[in-house]
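Protein chains in written order, with the numbering used here: chain Y, 10 to 310; chain X, 10 to 310; chain R, 10 to 310; chain S, 10 to 310; chain V, 10 to 310; chain A, 10 to 310.
Quick caveat, the hints were computed from the structure, so don't treat them as lab data. Check before you lean on any hint, since a few could be wrong.
Partial list, derived from the structure: chain V residues whose beta carbon lies under 8 Å from chain R [what the hints assert, rightly or not]:
#1 Y278
#2 V281
#3 W282
#4 S284
#5 V285
We put the CB at the ideal spot given by N, CA and C, even for glycine.
These are the residues of each chain, in order.
Number of protein chains: 6
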Amino acid sequence: MSALTPLPAYSTYQFMHVTSPGPYLAHLQLNRPEKLNAFSRPMWLEFGRVFRQLSLDEDVRAVVVSGAGGRAFTAGLDVVAAREEGPMSGGGGGGDGHGNGNGNGNGGGDPARRAKGWRGHIEEFQGCISEMERCEKPVICVLHAISLGLAIDIACCADIRLAARNTRFAVKEVDIGLAADIGTLARLPKIVGSNSWVKDVCLSARDFTAQEALQMGFVSAVHDDKDKAVEAALEMAARIAEKSPVAVQGTKELLNYGRENSTAASLRYTSVWNSVALQAGDMPAAMMGVFSKRKPTFEKL
Amino acid sequence: MSALTPLPAYSTYQFMHVTSPGPYLAHLQLNRPEKLNAFSRPMWLEFGRVFRQLSLDEDVRAVVVSGAGGRAFTAGLDVVAAREEGPMSGGGGGGDGHGNGNGNGNGGGDPARRAKGWRGHIEEFQGCISEMERCEKPVICVLHAISLGLAIDIACCADIRLAARNTRFAVKEVDIGLAADIGTLARLPKIVGSNSWVKDVCLSARDFTAQEALQMGFVSAVHDDKDKAVEAALEMAARIAEKSPVAVQGTKELLNYGRENSTAASLRYTSVWNSVALQAGDMPAAMMGVFSKRKPTFEKL
Amino acid sequence: MSALTPLPAYSTYQFMHVTSPGPYLAHLQLNRPEKLNAFSRPMWLEFGRVFRQLSLDEDVRAVVVSGAGGRAFTAGLDVVAAREEGPMSGGGGGGDGHGNGNGNGNGGGDPARRAKGWRGHIEEFQGCISEMERCEKPVICVLHAISLGLAIDIACCADIRLAARNTRFAVKEVDIGLAADIGTLARLPKIVGSNSWVKDVCLSARDFTAQEALQMGFVSAVHDDKDKAVEAALEMAARIAEKSPVAVQGTKELLNYGRENSTAASLRYTSVWNSVALQAGDMPAAMMGVFSKRKPTFEKL
Amino acid sequence: MSALTPLPAYSTYQFMHVTSPGPYLAHLQLNRPEKLNAFSRPMWLEFGRVFRQLSLDEDVRAVVVSGAGGRAFTAGLDVVAAREEGPMSGGGGGGDGHGNGNGNGNGGGDPARRAKGWRGHIEEFQGCISEMERCEKPVICVLHAISLGLAIDIACCADIRLAARNTRFAVKEVDIGLAADIGTLARLPKIVGSNSWVKDVCLSARDFTAQEALQMGFVSAVHDDKDKAVEAALEMAARIAEKSPVAVQGTKELLNYGRENSTAASLRYTSVWNSVALQAGDMPAAMMGVFSKRKPTFEKL
Amino acid sequence: MSALTPLPAYSTYQFMHVTSPGPYLAHLQLNRPEKLNAFSRPMWLEFGRVFRQLSLDEDVRAVVVSGAGGRAFTAGLDVVAAREEGPMSGGGGGGDGHGNGNGNGNGGGDPARRAKGWRGHIEEFQGCISEMERCEKPVICVLHAISLGLAIDIACCADIRLAARNTRFAVKEVDIGLAADIGTLARLPKIVGSNSWVKDVCLSARDFTAQEALQMGFVSAVHDDKDKAVEAALEMAARIAEKSPVAVQGTKELLNYGRENSTAASLRYTSVWNSVALQAGDMPAAMMGVFSKRKPTFEKL
Amino acid sequence: MSALTPLPAYSTYQFMHVTSPGPYLAHLQLNRPEKLNAFSRPMWLEFGRVFRQLSLDEDVRAVVVSGAGGRAFTAGLDVVAAREEGPMSGGGGGGDGHGNGNGNGNGGGDPARRAKGWRGHIEEFQGCISEMERCEKPVICVLHAISLGLAIDIACCADIRLAARNTRFAVKEVDIGLAADIGTLARLPKIVGSNSWVKDVCLSARDFTAQEALQMGFVSAVHDDKDKAVEAALEMAARIAEKSPVAVQGTKELLNYGRENSTAASLRYTSVWNSVALQAGDMPAAMMGVFSKRKPTFEKL
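Produce the entire structure from the sequences given, and follow the hints as far as they go.
Following this line, the structure appears as structure tokens:
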């Protein structure tokens, strides 16, 4: 399968371009470059759907996410579309068969009724973006150029973040009059060490560079340009995809659990989880590989 | 209103000097320089009170805190006063009309009864300092020169921390025979990434410099001297004060919530919070500002 | 007592070499250098036991842990021994009088029954390593040379981590087909700020250097070689051991509590804890020491 | 709309029969009486879907759930179907477009791989049943005759439980060799006061009567037969449906939150929730109704 | 001191009538019988204040709360007053020097700004009622006649509830168009076993009798009339007041902690709490009393 | 094996008499009748040890606990022995090889140092009693006659509680000057529905009867005398012991987890737990038993 041709199983998406640049690898590109990859509602519904599919796809062991085009990872919410789609539109949110639709518009009603519409709308949006975090395969996110607002919400759901040198980051929401509500404020304090810096960038909405993101530990590496960053991400993903999927997927699950729960709860969960994971064929296969110096192969997962 | 004249609404405080150096800005100076801004009980009661007032004051959108005088942000607890005021004094804690007084002295009684006195005393003290964290407006704390013990407890309650180059930091409590109990040990592990460093400075009580604090992410920037640091803080505060107070105050609330709660709980809380915040006039006003390139104005909050 | 002669009270251990290089100091060396200090089951049972003893030993106020020999802090699990001892052996786990034995082998039975064996096995192992964290005295861990797999689990339980320049770190478990289950995945996200880095090293199993560990805040300092690092650790331990044990041990307890619990819960716990700790003789003694400039002495604890 | 004719908006369901026996009322009948209303996978997928729809349907303010036919509320899982559909089938779980499918069969693979299949399967099933609890409208569940296994899982998700005198309850799962995993063990300890009784019925799998269920507080009332119980449920639902939907739906949300969270967290959540709910027109309308003794009407929600 | 004369230390309250009907006993009567003891804002501010005072008063070891007059424990919120005082009034909430005032009225502003006013208002109100739960002395609440809405919020904060036979209970809030927000929905699911009953009475707002309250465990006993119930409460309080205050107050604290926290956390907190409580003189005194069959006396607390 | 002869594997206990009255059954009798089964330190250490052994013993699937002799289940702590053994003795707590010893006596030292001794003492004691709860096999506790103080702590750790009609229950601790600290205050609020009753009996230390315990749901049944109660417990245990041990032990684990954790966390834990438990041979065997109407047999666990 060429790295450029979309994977057939993912060919129905309009905004999600998925290729397989190597064995067990998926490369997902946000694909609306003419709009700086800004998100409309159909786009975030697809975003949720593609990660549910990637999570279950046995032929995928690691995922790289990047933004198509040179100008933006994503400029964030498509504000123009938002006015027509969401509770802002005053026309009700409609439904998408997925069941999380927002039944209330805000065309009428009192603040409590409009609030219900907003709540449904925000939770649907949060739910779609969070599918990236719930995806059982590791996800490496490559940011470049314009990476504002929703870009940070998305990056916070990734396991590993890399950046091109030209990335222009900002938690931009306060500049358009709202507190970020798609995940940044929930996750950033848990994934970056300096709370002072987190507060600074979220309260001021100021830009920060790839270099600053690296120093603060928000990203793990900075590369000269987008192509180099994607290449590095794919290499990292390829190395991970060679390893036992039982080990890799368990590690992701347990690290996420460890971040969210007390050490005692986490140790207990780990022992229950591994009590079956250790019964896989992967440990013997991996050890054999170590001793024989041959690359082991692992059953699908 | 001159930046030097105390705001009339805050003129009754003895140790808290509050000025307004710009629109919607408050600058609070710990004002007991002749004692290196060391805290007596009346001073920490005032500290709690001033932050409750700032939190409610619709004319304040961002707060800068610094210490008056060149020698200290604060030298910490006023140990001499503490001997006469608290359970250490043997004379009972008195009351202050605020209701959190410590009814038991330790002049007599058995260890359990003295413990009740200490408990009340510590909780009153914690409660006053924590008002800075509870203040709904962002608080930027500027540290300089002597910044020991309670200085760290206070700084941990700020949203953003800046330091002058000459700051002498120390979590000094173990050197006077106690574990820090006004908040440092509860908050520091959550606001700085390196637990090894946190343990080092708390267990050894050693001094650390502004530079080290910057490297570890405890402060966000170091400036040449106190004046420059205060100036930078005021500029930062001014930029924040220009933005939507609904967005800014929501961002502070949600970041604090995110730091303390699981991601799932935090996402839920965010959707409920924003379901009403998004009904403010701020988002349209801010967007209009973006499109028109004119500075938007926002209703009081 | 010479620093080289084992402390008599600790002379029965086979793999744990405990000396006292100074007043109130204990230096524990993992002592199986011919096997690169790899852990067999008897070794980890001893590891748990020695920390329970150190925690109760009134003559110990700070502990340094290092690995005997020049080649490794520890190479991790002794894989060869593991095949014969644990559920992998197919022969049942036996008992050790400690009561946490794993009653089920995996020689027979269905996956659920084997899972019970694994669960008991993992929990016993976790429990022994966690004793280092539960030890009420501060523990400084010195890593050098090979420091793989279990080395990271152990280091995560220490309060402060130092490294020799030649340390070769890796969270190696995925390379042998499993998710690390002795504590790394539960603790690392809480003790290092950059979640992106944590995911990177845990998912890729790649080596990282002492320098990288320092930059990410995993260790607090890097020294030229193992001897220098041990020396620095002993000096740090000696400074801590001179201080009030009530203050030091309370600080450790409260920092660990603060890392795991909400700020509100932690403040409450702190006030209850200190309501009795402040009744020790240590605060007056320490203050007297400050005023008199003489080194205070403190009762045993 | 007759109480017997299915509501048009709900006419596509195969196993869920939804009628509207009064204003703002929905009556959902589990409708597979020829199989004692036993659940196959298509049936539980419908169960989830119908509750998502009811939750959003502005014409529904209270829901009654009962089982069609005289012989059973539900006999639980359709064991015969389960052998063909789930991981037990050995054929993989397929997909349903809902995205929670279980990608792994257990036809092959090792225990860890089969575990992934089971996990996906259980979570999909749990998720569908939990939609009843998540439904924002109050749900009153009427049990009668055979009410085994899954019947208890479902009843635990209801807000209020009523029973016919002939109900035969049992937490039956241990009798077919498994621990109940669709919610009973998670919820029953939180919704019934006597833990001793909960353990008794769950560990012994014994039958218990409606009378015993009433005494233990599991159900709120027992009626002579199914028809009387349904009638009572509909009356109760009708009284609730007359009230302010803002008040009723908020009460459900806050009681569920209160059951799961600490009092402090719950009070905080309540104040945020009601800060917008109190801006509805419902409070003035309701008060006017009280004063004028006329039945108020409320806007849709 | 006569049981009828107010205790001098409590003579300044307008709505709180506090007498001492026996050694170490306080009897607090809600004292606005001409308004059915309905609560205005000054009244709930007093309610908070009187419990803070009782909590600290060393001459009080047990508290009985009842409602003055024969017609009501309390009819709940004084709706007429509420229209003039709170955010409903449109005039801003004012301040009371206590610092928790609600700075925002809802006279103007958008929904987000009005929400801030409501939030402050609700939290102040919750805070005052919760002082009854925080009071370190046991509180026995006697309900009689009209006991609606806020009556349940208050009763939920008591340790022990008794009722007169004529009590008319209702969680009345949904009938006036809101979800109860002063504590009932947060606490009731934790203090009564049958969640089905809790949902029933909260969603339907129906009246329930003392007998029903007894059967469901909401109250511990029902007495023939208010006088008999108060008498029984005073006897119960007198028996508790004879016991060690260290034991009694510790028991209250630990039971509340146990209700809100996991068993593991609660056991840990218990051991820390009792590590100092057991150093009181109370245990020897109590044991001496047991052996000598003489009533022990205990130091004040 | 006769029901009267101790099981050989349990013959070394002094105070724990363990027999096997049927297949896979263990009957543990507290065996110090001449002291009313009062607990000395050696006795509670044995209590912990015997439950660790029972938990691992594959020949045990259900446990009944009762007190030897006719006069008492247990009179609680052996107060006379406690004066000589614990921190009360002033002689230090010694060690027992189990590592949880209390290293500090209270003969000397200040309150903080004595507190450490008490803390260690309480935690060792709690730990031993909690082993009954941690035991993976269901435990049915039969109470009779004198059942004071520690009797309630122990009963709270059981899964199911039965009582003889003559049982005299009391949470007696406040009468000897302390708050119960071995588990009653942590567990009782979670296992009995009426918090008002829980507070009543814990604060008043009053006796309550078997009948009252039944009404409040503390016990599940009352039998005419101890023999009948033991017989009923053994029958109940026998029925449980016939069932799949995978199903039974999983049910206990998941119910305990459900009691302590949120529903969401509990559902997740359930799916992970059952993902391997469902791979046991027990489900097919049990189903075959149902269809064939023959009693299935299950592999050991």
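Violated constraints from the hint list, given by number and in increasing order: none
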